[in-house]
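Engineer: Residue numbers (our numbering), protein chains in the order written: chain P, 26 to 204; chain Y, 26 to 204.
In short, the hints are calculated from the structure, not lab data. Each hint should be verified, as a subset may be incorrect.
Since the list can't tell identical chains apart, any single copy or any two copies may satisfy a pair.
[As the list claims (entries may be wrong)] Simulated pairs of lysine-lysine, DSS-like, Cα-Cα distance not exceeding 30 Å:
| id | residue 1 | residue 2 |
| --- | --- | --- |
| 1 | Lys107 | Lys79 |
| 2 | Lys111 | Lys123 |
| 3 | Lys115 | Lys170 |
| 4 | Lys111 | Lys78 |
| 5 | Lys79 | Lys111 |
| 6 | Lys78 | Lys170 |
| 7 | Lys33 | Lys79 |
| 8 | Lys170 | Lys33 |
| 9 | Lys78 | Lys123 |
| 10 | Lys180 | Lys115 |
| 11 | Lys79 | Lys170 |
| 12 | Lys78 | Lys180 |
| 13 | Lys115 | Lys78 |
Number of protein chains: 2
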Amino acid sequence: MVTSNSHKAEEIRSYFEGLIDVEHVCLECPEYRHDDVGEIARNKASYAFSQVKKPLIVDDTAFCIDALSGFPGPYAAYVFQKLGNKGILKLMEGEENKSAHFETAIAYADSSGIRVFHGIMSGTLVEPRGREGFGYDPIFEYQGKTLAEIPIIEKSRISHRAMALANLRTWIMAGRPVN
Amino acid sequence: MVTSNSHKAEEIRSYFEGLIDVEHVCLECPEYRHDDVGEIARNKASYAFSQVKKPLIVDDTAFCIDALSGFPGPYAAYVFQKLGNKGILKLMEGEENKSAHFETAIAYADSSGIRVFHGIMSGTLVEPRGREGFGYDPIFEYQGKTLAEIPIIEKSRISHRAMALANLRTWIMAGRPVN
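Start from the sequences and build out the full structure, keeping to the hints where you can.
Structural biologist: Okay, here's the thing in structure tokens:
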């Protein structure tokens, strides 16, 4: 797992426990600008493999608000840092469509190439509730609860990242078929 | 001039007329994500020079709003496409500090390396006025007029891009000193 975020590395290590030994490689990958998280993850994986030269995964996550044409999209982290949830809710004033989704792309790279797995979690924007999680979690409601009201252990079972990891895991368990 | 924007190429060609023949190379450079336009331009120039292998310039522009911690910064084009000036003014509701600036970085690359030139234009956010220009021009007031109220020929003399070009030009006229 190539990331500069050790929490993320730990989450993924525990996900694959007993199946694959996951090692954390702390490497800052240059991120290309692209509207599609799959392409961003693919580019990061390509760069990381050129450095690490071992089978690896990287990930990238977008947060997309339908009424704002998908904003902030792949710039979720930057926008959160600048505007916070207050800014997002201000932009949503008067908007009727409150739907939004998270999307994670996980790219797996080895010497045979790169494969990208996606996971999506759809929900609704609400006034902030809850104290768990981070970022947009308090304003993102999924099945009646905000992500900040869902314990981290449950969130890491149902989240967009969990879905992408499940797709990766299924593929690995199937012997990494080419098609 | 390496850009996929032919208007920009034309503007820069006319700026250097009689001094240097500027050729337009239409090449889509991968853009790294970075908070600093200078670094974005430097990376683009490095990539472009590896492809074109002739002395070249590239540019990148940010739009920074002080009350929003510099948002949208280097993501100005993406954010304009998603939120428009309406979204920016919504975010600014209730904010007292209306100051903002444009910043252009122009990177010049040749076989001896890369040099970056900056140009800044500071102004104030206002309700939209004027029909010239594009993007944030109607809501950006500079010395009593919005950029959309200033004829394009005058704008291209006083703008952030013009300042960066002037710095580049001065350096070229001085024989490209190393320090």
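Engineer: For each hint, tell me whether it holds in the structure or not.
Structural biologist: Each hint, compared with the structure:
In this assembly of identical chains, Lys107 and Lys79 lie within 30 Å of each other by CA distance neither inside one copy nor across copies; the values are 36 Å within and 38 Å between. For the homomeric pair Lys111 and Lys123, the shortest alpha-carbon distances inside one copy (15 Å) and between copies (18 Å) are both at most 30 Å. In the homo-oligomer, the alpha carbons of Lys115 and Lys170 lie at most 30 Å apart both inside one protomer (21 Å) and across protomers (28 Å), since each shortest distance falls under that limit. Proximity of Lys111 to Lys78 under the C-alpha cut-off of 30 Å is found in neither arrangement, the shortest distances being 42 Å within a copy and 47 Å between copies.
In this homomeric assembly, Lys79 and Lys111 never come within 30 Å of each other (Cα to Cα): the closest approach is 42 Å inside a single copy and 48 Å across copies. Within a single copy, Lys78 and Lys170 get their C-alpha atoms no closer than 42 Å, and across copies no closer than 56 Å, so neither meets the 30 Å cut-off. With identical chains, the CA atoms of Lys33 and Lys79 are at most 30 Å apart within one copy only, with a shortest distance of 19 Å there and 43 Å across copies. Proximity of Lys170 and Lys33 under a CA criterion of 30 Å is satisfied intra-copy only: 23 Å inside one chain copy versus 49 Å between copies.
Neither within a single protomer nor between protomers do Lys78 and Lys123 lie at most 30 Å apart by alpha-carbon distance, with minima of 43 Å and 49 Å respectively. Taking the shortest alpha-carbon separations for Lys180 and Lys115, only the intra-copy value of 26 Å comes in at or below 30 Å, while the best inter-copy value is 32 Å. In this assembly of identical chains, the alpha carbons of Lys79 and Lys170 never lie at most 30 Å apart, being 40 Å within a copy and 57 Å across copies at closest. With identical chains, the CA atoms of Lys78 and Lys180 are never at most 30 Å apart, being 32 Å at best within one copy and 50 Å at best between copies.
When the C-alpha separation of Lys115 and Lys78 is checked against a cutoff of 30 Å, the pair qualifies neither within a copy, at 45 Å, nor between copies, at 48 Å.
Of the numbered hints stated above, those contradicted by the structure are hints 1, 4, 5, 6, 9, 11, 12 and 13, listed in ascending order.
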